[in-house]
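Chemist: The primary structure of each chain is shown beneath.
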Amino acid sequence: MQDDGENARFGMKDHFQLRFKAWRGFCVGVTGSIEQQGAFIMLVVEEVTKRYRMGDQEILALNRVSLTVDRAEMVAIVGASGSGKSTLMHILGCLDRPDSGRYVLNGRDVSRLLGDELARIRNREIGFVFQTFNLLPRMSALENVELPLLYAGHPAAKIEAAKALEQVGLASRMYHEPNQLSGGQRQRVAIARALVTNPSIILADEPTGNLDSKSSEEIMAVFQRLNREDGRTIIIVTHEQEIAAKCQRQIRIRDGQILS
Amino acid sequence: MLILTLIKVSLKSLWANKMRSFLATLGIIIGVGAVIAMLALGEGAKRQITQKVSSLGSNLMILRPGQKGSRGVQSSTYDNLKLEDAEAILHKVPEVLQLSPVIRGSAQVKYLNQNTRVPITGAAVTYFSIRNFALQHGRPFTDAETREQARLAVIGSQTADDLFKGRSPLGKVIKVNGLNFKIIGLLKVKGDEGWYNPDNQLIIPYTTAMKQLFGLDYLGGIDLQIKKGVDPEEVKKKITAVMRHQHRIPADMPLDFTLQSQAEVLETLNSITLALTLLLGGIASISLLVGGIGIMNIMLVTVTERTREIGIRKALGARNRDILRQFLFESTLISLIGGGIGVALGIGICYLIDSIFSFSTLIQPTYVAIAFSFSAAVGTFFGFYPALRAARQDPIEALRYE
Numbered sequence: 031m032q033d034d035g036e037n038a039r040f041g042m043k044d045h046f047q048l049r050f051k052a053w054r055g056f057c058v059g060v061t062g063s064i065e066q067q068g069a070f071i072m073l074v075v076e077e078v079t080k081r082y083r084m085g086d087q088e089i090l091a092l093n094r095v096s097l098t099v100d101r102a103e104m105v106a107i108v109g110a111s112g113s114g115k116s117t118l119m120h121i122l123g124c125l126d127r128p129d130s131g132r133y134v135l136n137g138r139d140v141s142r143l144l145g146d147e148l149a150r151i152r153n154r155e156i157g158f159v160f161q162t163f164n165l166l167p168r169m170s171a172l173e174n175v176e177l178p179l180l181y182a183g184h185p186a187a188k189i190e191a192a193k194a195l196e197q198v199g200l201a202s203r204m205y206h207e208p209n210q211l212s213g214g215q216r217q218r219v220a221i222a223r224a225l226v227t228n229p230s231i232i233l234a235d236e237p238t239g240n241l242d243s244k245s246s247e248e249i250m251a252v253f254q255r256l257n258r259e260d261g262r263t264i265i266i267v268t269h270e271q272e273i274a275a276k277c278q279r280q281i282r283i284r285d286g287q288i289l290s
Numbered sequence: 005m006l007i008l009t010l011i012k013v014s015l016k017s018l019w020a021n022k023m024r025s026f027l028a029t030l031g032i033i034i035g036v037g038a039v040i041a042m043l044a045l046g047e048g049a050k051r052q053i054t055q056k057v058s059s060l061g062s063n064l065m066i067l068r069p070g071q072k073g074s075r076g077v078q079s080s081t082y083d084n085l086k087l088e089d090a091e092a093i094l095h096k097v098p099e100v101l102q103l104s105p106v107i108r109g110s111a112q113v114k115y116l117n118q119n120t121r122v123p124i125t126g127a128a129v130t131y132f133s134i135r136n137f138a139l140q141h142g143r144p145f146t147d148a149e150t151r152e153q154a155r156l157a158v159i160g161s162q163t164a165d166d167l168f169k170g171r172s173p174l175g176k177v178i179k180v181n182g183l184n185f186k187i188i189g190l191l192k193v194k195g196d197e198g199w200y201n202p203d204n205q206l207i208i209p210y211t212t213a214m215k216q217l218f219g220l221d222y223l224g225g226i227d228l229q230i231k232k233g234v235d236p237e238e239v240k241k242k243i244t245a246v247m248r249h250q251h252r253i254p255a256d257m258p259l260d261f262t263l264q265s266q267a268e269v270l271e272t273l274n275s276i277t278l279a280l281t282l283l284l285g286g287i288a289s290i291s292l293l294v295g296g297i298g299i300m301n302i303m304l305v306t307v308t309e310r311t312r313e314i315g316i317r318k319a320l321g322a323r324n325r326d327i328l329r330q331f332l333f334e335s336t337l338i339s340l341i342g343g344g345i346g347v348a349l350g351i352g353i354c355y356l357i358d359s360i361f362s363f364s365t366l367i368q369p370t371y372v373a374i375a376f377s378f379s380a381a382v383g384t385f386f387g388f389y390p391a392l393r394a395a396r397q398d399p400i401e402a403l404r405y406e
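Sequences listed follow chains Y and X, in order.
Last residue of the first sequence: 290 (the numbering used here), numbering continuous.
Last residue of the second sequence: 406 (the numbering used here), numbering continuous.
I should point out that these hints are in silico values taken from the structure, not numbers from a laboratory.
Check each hint, because a few of them may be wrong.
[What the hints assert, rightly or not] Computed spacing ranges between beta-carbons, pair by pair:
1. L283/X - G145/Y: 44 to 50 Å
2. P167/Y - S362/X: 54 to 60 Å
3. R404/X - S243/Y: 25 to 31 Å
4. R168/Y - T272/X: 57 to 63 Å
Ideal Cβ positions, reconstructed from N, Cα and C, are used throughout, including at glycine.
Work out the full structure: start from the sequences and follow the hints.
Modeler: Structure (structure tokens):
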């Protein structure tokens, strides 16, 4: 089932694919799988705890955190620095694993996966957008966007990458390298890169942190359009109230615990 | 990831740090260049030796008095090799096609006001064909003239030039240690062989040399030509048996003569050349290894510098093996490029050697291929540790790296 889903994903229209995902989630729901309680849930975090060791001091970064994000939802995770929101983002992004608790993403428990399996989840299920854009220098916008598809072994990476750039309005800047683009344009390239594999969630970490207010608004507009028009699930980690206010729901985190 | 993309990415990152990449690969360039030049030098020497030894005569065997002592020292004079030994061999060993007694010495040679010291070879007429001496002009002495101890001489081309300054030496009478000799033949040029120059000598009948010139009753050696297609080892055994009998040496006593076939001489010389080639090539390959360490060093720097890139790639779904492959590919590529430049350098050095010295190097394509692939192997080997370090980076740490 998993593999069928993967194969069917490429080459289909976006909305159709999203429907397919929803349908798959629904199937899991009716067959009574414990992995997913309903057809409209994208991810479930259950009682997740994460500890860090700093010198001889142990820090409890996440303390029994639970949260749920629905499909096609746009959520903000808000918290001050040191609140544990970065750790939460790393776990949501499958860059790290929880010490205890479960993380079910798109119907699959990913909290106990290892190295290459996690890399595969990151590649297929998650699209990252970073504060510092994190585009590779000396590579054109097109090549940057292409990169996740190359790791997935996609046969027509260039075409898909060009489509994604078109979606964020950068069709005319395809062959520019990052240092020839403005901050807002760079972040739009990064969004295109996050979109291109058609992931379950787009995970943005302070996406407007390095941008002026005009570019920030543009970027947020792109996210809102992707959410409303294409039904993308978007999670934005931020400490700015203005940004959080543009999301449908805000999850507040402090001292490793969810407040609301 | 597609191989083309890998090449492109690697080339780009190498090109972005041109100077550093060049310095990193310099060791490989020098190493490969040196290995190729050294091996070509050795091969050239081998070819030259083979040619020279073959020009001494085909199926040649040389019998000399005395044995190499336990310390490899051969004492200078022996007087136990007689004309009867040569006759016995000729009669009792049918595999011997022809032979010639050889007497070597030197004498003061005068013509008009020219006066020079010249190596003298006393030999039979068979000597010319055994040793591949062809005549430019005139004729060799005959058997009859040899029996009569005629004072006739065949002159080497260089000696003729020294004495006659370009005029024809034929029919001229020269004084050799005060005795009059008539020149009846001029040898064709053979070329200097380093340890012995065949163009600078007088060849006279061995009888004349023994009785009139040097006053000897023993031979300096016997040169033999064995028949084609017979086993030299077999002939050697037979000749040795004849000589034991001649010299009355019991089977358990050491021999008092040395018998060497041309093949053995060639083998000995080639083994010396091979040893030298291997030595030089070995020293050169050490620089190739050092070059590998240079690659490793630069790759470690590159991996550290590109920690963030590694983090990004991992976040986008690169598996550890994708990262490993990328950096391994890069280090292999940089050494391959170095190897390519090194091949060019090696060939260049060979041309330089050929044009500066009167020596011709021989570049074996197989050696070039080996040196080239060895450079690639060095890149892969020394690139492995840095690539492994890159692959094992924690993505979160790597993304935080500034």
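Chemist: For every hint, state whether the structure bears it out.
Modeler: Evaluation of the provided hints:
no.	hint	in the structure
1	L283/X - G145/Y: 44 to 50 Å	holds, 48 Å
2	P167/Y - S362/X: 54 to 60 Å	holds, 55 Å
3	R404/X - S243/Y: 25 to 31 Å	holds, 27 Å
4	R168/Y - T272/X: 57 to 63 Å	holds, 60 Å
In summary, the structure agrees with every hint in the numbered list given earlier.
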